[in-house]
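Between the sequences and the hints, there should be enough to build the whole structure, so can you do that?
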Amino acid sequence: MASSLEFVRYAAEQMCAAGEITYKKMFGEYGIYCNGKIVGLICENQLFIKITEAGRRLCPDYEEVPPYQGSKPYLLVEDIDDRELLAELTAETFRELPVSKPGKKKGEKSREKTDKASRTEEKQSAQKQEKKGKADMEKVDFKKRDKALYQPGRNPEFADVPEMVFLAVDGNGDPNTSADYKNAVGALYALSYTIKMSKKSDSCPPGYFDYVVPPLEGLWHTEEGGFDGKMITDKSKFCWTSLIRQPDFVTEEVLEWAKEVCLAKKPETDTSNVRLLRYKEGMCAQVMHIGPYDDEPETIEKLERFIEANGYETEINETRRHHEIYLGDPRKTAPDKLKTVLRHPVRKSSRAAQTGRLKGEKNGINIGYKG
Numbered sequence: 185m186a187s188s189l190e191f192v193r194y195a196a197e198q199m200c201a202a203g204e205i206t207y208k209k210m211f212g213e214y215g216i217y218c219n220g221k222i223v224g225l226i227c228e229n230q231l232f233i234k235i236t237e238a239g240r241r242l243c244p245d246y247e248e249v250p251p252y253q254g255s256k257p258y259l260l261v262e263d264i265d266d267r268e269l270l271a272e273l274t275a276e277t278f279r280e281l282p283v284s285k286p287g288k289k290k291g292e293k294s295r296e297k298t299d300k301a302s303r304t305e306e307k308q309s310a311q312k313q314e315k316k317g318k319a320d321m322e323k324v325d326f327k328k329r330d331k332a333l334y335q336p337g338r339n340p341e342f343a344d345v346p347e348m349v350f351l352a353v354d355g356n357g358d359p360n361t362s363a364d365y366k367n368a369v370g371a372l373y374a375l376s377y378t379i380k381m382s383k384k385s386d387s388c389p390p391g392y393f394d395y396v397v398p399p400l401e402g403l404w405h406t407e408e409g410g411f412d413g414k415m416i417t418d419k420s421k422f423c424w425t426s427l428i429r430q431p432d433f434v435t436e437e438v439l440e441w442a443k444e445v446c447l448a449k450k451p452e453t454d455t456s457n458v459r460l461l462r463y464k465e466g467m468c469a470q471v472m473h474i475g476p477y478d479d480e481p482e483t484i485e486k487l488e489r490f491i492e493a494n495g496y497e498t499e500i501n502e503t504r505r506h507h508e509i510y511l512g513d514p515r516k517t518a519p520d521k522l523k524t525v526l527r528h529p530v531r532k533s534s535r536a537a538q539t540g541r542l543k544g545e546k547n548g549i550n551i552g553y554k555g
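First residue of the sequence shown? That's 185 in the working numbering, and the numbers climb one at a time after it.
None of these hints come from the bench; they were simulated from the model. Do not take every clue at face value.
Claimed, not checked - Label-pair ranges, simulated between beta-carbon atoms:
id: 1; residue 1: LYS450; residue 2: LYS486; range: 40 to 48 Å
id: 2; residue 1: PRO481; residue 2: GLY215; range: 43 to 51 Å
id: 3; residue 1: ALA448; residue 2: GLU482; range: 28 to 36 Å
id: 4; residue 1: GLU248; residue 2: ARG462; range: 36 to 44 Å
id: 5; residue 1: LYS366; residue 2: ALA201; range: 26 to 34 Å
id: 6; residue 1: ARG515; residue 2: GLY254; range: 24 to 32 Å
Where a beta carbon is used, it is the ideal one built from N, C-alpha and C, also for glycine.
See the structure below:
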């Protein structure tokens, strides 16, 4: 099946912030060019980007597959609604691709002319990318800046988690089937991107800085009370608070402005239940879980053994919850490759307090992050 020109134009428009995007039909697929250099293909109405280290870093969950039989693998970009991420991915891919060497042609004059045009184009592109690169360096990515909070190891560790600002929605029910959960996530992302893009409006908040929208998070308990994640219960009894972290400049006034903008642009998205939450977890233990969500209990058992071995105990109550941070998109990531940060609030155990010495204190407890 050949790719539709409408899809090609749509993809090119999404990528336009990366530079001068052009496309050219190549048999059944289209080549996508950034500043004259091919960065990807569109084949059967799917977008494929050339594989680079930058691409793997920006999009660790994208599959690497050949666009057609006999082709080298490319990054398969299934969701291209995030224009900013796609533009950044395209620009970084362009930057890392090697400079093409002109092939041998008849006539030195023709080759010299081609070389000169190529050098001019590369120089102009380099200047443009250098300018964009400086802007990108100023963009805050909380996952990278606060790496210890978002990228713990597969071995548990402690983290002293500081107060942060979130957009939050409370609800209950099975997240796999609940319309309320789906609507809550949609509202959180709609408001988060509205606030992020406020830089292009007349209502840019005081203290604004550019940033990457952080991942979705969740605080969990059940109708019966505390939930430590050790056992998968009746999911219809889950009570949840869905969260997306925000920069400190986001206030109640900023949130109300964003709600008004969303109401005007996306009236079908109900943002009325979204609230601003300042949340400080304090001392916690956390671990990276890789695999399906239903396999989390095994990783949590490992986390609990670590907590107990170091003289602490889990403290889950009405204000301190079982916490999950979702680094993978289940829509485009194989279940066995999903990455989820599992975090439990802790306190010193009464037994350890009585003995007056914690196991591991002699050599220091591994605290991955101290706020």
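The hints, checked one at a time:
no., hint, result
1, LYS450 - LYS486: 40 to 48 Å, "holds, 42 Å"
2, PRO481 - GLY215: 43 to 51 Å, "holds, 47 Å"
3, ALA448 - GLU482: 28 to 36 Å, "violated, 47 Å"
4, GLU248 - ARG462: 36 to 44 Å, "holds, 40 Å"
5, LYS366 - ALA201: 26 to 34 Å, "holds, 29 Å"
6, ARG515 - GLY254: 24 to 32 Å, "holds, 28 Å"
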